[in-house]
Amino acid sequence: MSHSGSSQSFADEVKAIPGGEFVELCFSCGTCVSKCMIQQKLEPEYNPRRLLRMVIMDMKEDAFDSPTTWLCSACDLCYPACPQQIHISGVITAVKEIAVEQGGKTTLKTAAVDQQTCVSCGLCAEACPYEAISLVQTKVPYRGLVQVAQVDPGKCMACGLCSAVCRSTSIGVPDDYTDKALMENLWDWLQPEGVTF
Amino acid sequence: MSELIAKLKSEIKRLFDEDVVDVVIAFKKADSPLRPQPAFYRKGDSLEDLEYNSLCQNNLANYLTRYPHETRIGIVVRGCESRSVNALVVEKQHPRENLFKIGIPCQGIVDLRKIVKQTGEDVSGYKEDQEKISVVFKNKEYQFDRKDVLHDSCLRCVHPNPVNPDVLLGDPLPEGDPGVLRQAVESFEALTKQERYTWFQQEAERCIRCYACREACPMCYCTECFVDHNPPRWTESTISPAGTQAWHIIRAFHQTGRCTSCGACERACPMDIKMTYLTDKLNEDMLNQYDFAPGMDDTTQPPFASFNLDDKNRFVA
Amino acid sequence: METKPKIALFQCQWCLYSEPDQYWVDHNLPPSIRLMKVSCTGRINTLHILNAIQGGADGVMISGCRPEKCHFKEGNLSALRQHEEFLNLLDYIGYERDRVRFVWLDLQDRGRIQQELADFENKLQELSTANTLATRINAPEGEVHV
Amino acid sequence: MVDAARQPRIDVRTYTEVEKVEGFVGNFKVTLREKAKHVLADRCNGCGDCAKVCPVEVPNYFEMNLAPRKAAYVPMSQSVPLIYNIDLDACIHCYKCVEACGPLEAIDFSQEDKLVEEDIGAIIVATGFSHFDPSVMEEYGYSRYPNVITSMEMERLNNSAGPTAGNLIRPSDHKNPKRLAFINCVGSRDKRYNPSCSNFCCMYSIKNAVLLKQMNPDVDITIYYMDIRTPSKGYEEFYDRARELGIHFTQGRPSMITEDKETHNLFVHSEDITLGKVIEEEYDMVMLNQAAIPQPDQDHMSSVLNVAQSPGGWFMEYHPKLRPMDSPTDGIFFAGACQGPKDIPSSVAQGSAAASRASRILNSEKWEIEPTVAVVWPERCSATTRGRACGICAKACPYGAINIFSPEIPAEVVTAKCHGCGACVAECPEDAITQLHYTDAQILAQMRALLADKPEEKILAFRCHWCSYGGADLAGTSHFEYTANERGMRVMCSARMDTDFIYEAYRLGAGAVLYSGCHPQDCHYITGQLIGAKRAERLKKMFERMEMTDGRFRVEWISAAEGDKYARVLNEMQTVLDNMDKDELRAEIERLKPDMEKRLKKFPNVPGVSESMAYSDTLVSAINTQKKEPA
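Chains as they are written, first to last, in the numbering used here: chain A, 1 to 197; chain B, 1 to 317; chain C, 1 to 146; chain D, 1 to 631.
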């Protein structure tokens, strides 16, 4: 942590990325935190206000370690509510971009492609709201050099929209909501008791 | 017809001579004159057995996905095939620059079943002109009006001319009337819920799960079909009512915005199950709601691949 | 005893803003309603819906955020066209499309999920059961069927 | 107020609007519209019998529409003067009031609005402020949830003279609320609505909380705040007392209120910043402390009074620190919140100060005005030289202060009306007008001194006194760094920026010239900027034709609040110069010089100009000699 006017502080780095410009306007009112559902639903340590603070205070390592950096899905519910009109997700995305550049890894279970069955129709790439999916030529065992979808874990937010549009069930997110888990849950309930075959 | 075949041969020869393509997908004669079959010609192959007539049942676009992207493919396309090719290009199944489309305006595909029903299988001769189709069965010639023996989906065909072919052999034909298709969908919709369900149930019930429809369809190119997936097993894989119903619903649904109404699935079905009434409905919806018709160009993504904030206005809140 | 219609409830994990609502859905659902939480309604495949129907559920309810308030940008819209068209198709083959219902909950819709479920339950009771799709046969115990 | 009304030398006119203000300090002519009350002021004794019999009930604005009033009414019970008013929009013409009034015969339905003209020496504007309507903030549900109220509604509900006689009840079920939340900064400190702080709301909500808590010790009150601001005497102590009383203070701006549809209880959703956790608390009632905003007709009043508005819409004072109660127009003063949000002590202080400023005028035989007025040299005016007054000056004057009586008589400036913008001076084709303290000669002398040394490296910045000069000031006080090659020239208005000055600057070899002033709507001299802007456009086109390097002449409108812009513009101009080859720049200056000289041919004839030039030349050479001598 330093306030020395060094040429490129962490805050400067963030501000240099479009979206991160106005981070220093934050006066910590907490609207963004209470607008966001991640703290309540997913991760108690999640707090965009504090991440902004970390940026302002040049706390680079802490920012990279913060779950906020990795869990923000850029839904922008907070942005229209911010009285200082800071594009909060823009700041967080900027931090994430720098973190990924410097070797940071997302804590999310990002989407995975089954290269054996992927036919590279490109629907997932079209559906992905984060532009995390691209189609690449790659060598796949038993199939040779074929084009398949590839997920950029630095961009994927594990929403699973790709899995919903895939006709051949070739892409999925290995989190708590896999097709397998969902269907087990469903069948567990629909199976009437005492029926055996 | 022989004139067209000659043109076709010389065009294919030119493509090989000028090294435009590596392979040409077309039709060739088979043992039975009623069943010309797909052929894959390479440079140096004899084009002697090349065939083209209204009995060519297959949708040749089906074979596109079997080649690596680098292969330069020449392909004989009729109206529906050209659109299937476009749809496949949109889905990045083959790069457009490695495709050469030899277009032929299509007078419709003859439904074998409609002929065989009145003759029998062992047909020994076949002739056609603009209006008439004639076959020789047990040394007797049978003549049919073309429109009486065309496949149902061809009777509803809107675009008989190939879309953006690289070369067009033959004169373009007048476009079809889109009202025919719309009316077919509307008349089915006019039935009561119960009638529609009964129809669906009866059609689905006959399915023997041979997947000939899947194999015949150019858009069914998945390496692993959803019915084969495990886990989770999405549908019953047996011929149980639940299994066949699920197959027919999802097979059709996966064609939304992609089916070019070529009818290859129905022609391939050994159980003579009607299938296009489902895809026709889906196509009508795509046209009405998103002004989208599959395969009309090789860049526009089908509606399911995108969304628009305005969509929400159409939907339940 | 009157049997309640079975409802498969697909809930987007973000759509219930108020904690008591989420608690109620998580813990106090009646046995006739089963919660299937998903990360986003955009993640629901038509196969999920079909399986719920073919599994014998009388109705499928999908609750999600309003599209402009989707946690994944406007992600839930991407599957929306699919779901809409899927319902059109089901309707076309004679299945009651009213058995599948979408509910978009706004941030301030405290307590609405309970009302919507009750309302849906009533609606399902009114519908006839004649045209329901063939149900899947239950898997033998122990065999992997899912 | 009663005292004021009783004082014989104070004339209170209520229900009256100012229509027009003409004239100048000490001699204003003010046109007032006395709106028809339909009650004769000299006959009404305020008995209220008319209201008693009136059958019509409409919402009472004074009670924040929480109670009804009749069509015959007084705005509030303490109204001064106590004269009733018939609201004709609501009246059903049953004439019961006329009957009730009886022999007084005070009610007169035929009365109409009356225009009155008054001679006024000084004007004090005390039009106050208005309230932000929180219903536009959907997240708080005001106007959708019955139990979300504004601070003004709370004020009435909690007032012993209010509609509930001080019994605080909640609107949905009329029960006494036990759990209350106050939310501060609703619509203030919020860039979406009003970026500024409303000044008094922190104390206001603490006051309300303390009052409530003292009366009902069992209520639970939470104040949600971003920062508590208690800067004045005794305020922090009051805040302490509130804490001692057990009022909860939660730092965190609520993002949303939801409502239980059955109980109409409210759930306030916020982050507790101290805990770093999102909390949701249930309340019976929520009070929104809405922002103070300018009156809805503030824009209209600003044009009637001819006073400018600061960003945000409040009336703009002459100087924020040194003359906070003076308007820029002599003889018009501000008191209270019309000039910016203020609490009671500050309003009283400003009111007293404004009164004393005004009384200085009223008690003077003579009144000194700013000396920067325009003066005509009658012998140079075209009326004298050519026998025809061209009238360009009169057309340019935003105040109508120049009289052209006939073509033969030279133009005449009414000094008391002249505000000193200098538009006429710059526009006069004969150079027959000058502005005291901003004469051509003086300005030229300054320019010469500023461009004495290495002029090609300098950026000569013409800034108008009210905006761009302030902007440059702000750039300095805010420590925005900008190029050290800037040389600032102050004139009163961009209208004074004579084309001759610009030519002269380039003739002297200036690297670049900035032509800056107020934004079009902000001009202190009403339309002065428009005159300057037109001239600037002409210059720009001309320099384009001369193929001057793009960026060496720049026109920018920079307000006093745009220090950052001032710095940015100058830095951009510096970049233009930096990117030019030095020799090329010199060559260009030399190339354009003859043209400039040609255009300035007549200039030395202007009285004082040649003398000033000679003098400044000596000055400049002296400077240069001094510089050359090694220390």
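Hints were generated in silico from the structure; no laboratory data involved.
Think of the CB as a built atom: it goes at the ideal place given N, C-alpha and C, for glycine as much as any other residue.
Misleading hints may appear alongside valid ones.
[Claimed, not checked] Residues from chain B that face chain A, not an exhaustive set, calculated with beta carbons under 7 Å:
| hint | residue |
| --- | --- |
| 1 | K92 |
| 2 | E215 |
| 3 | Y221 |
[What the hints assert, rightly or not] Derived lysine-lysine pairs resembling DSS-like cross-links, with alpha carbons at most 27 Å apart:
| hint | chain 1 | residue 1 | chain 2 | residue 2 |
| --- | --- | --- | --- | --- |
| 4 | A | K15 | D | K233 |
| 5 | A | K155 | C | K69 |
| 6 | A | K41 | C | K4 |
| 7 | B | K114 | B | K92 |
| 8 | A | K41 | C | K123 |
*May I ask which of the numbered hints given earlier this structure violates, with the numbers listed in increasing order?*
2, 4, 6, 7 and 8
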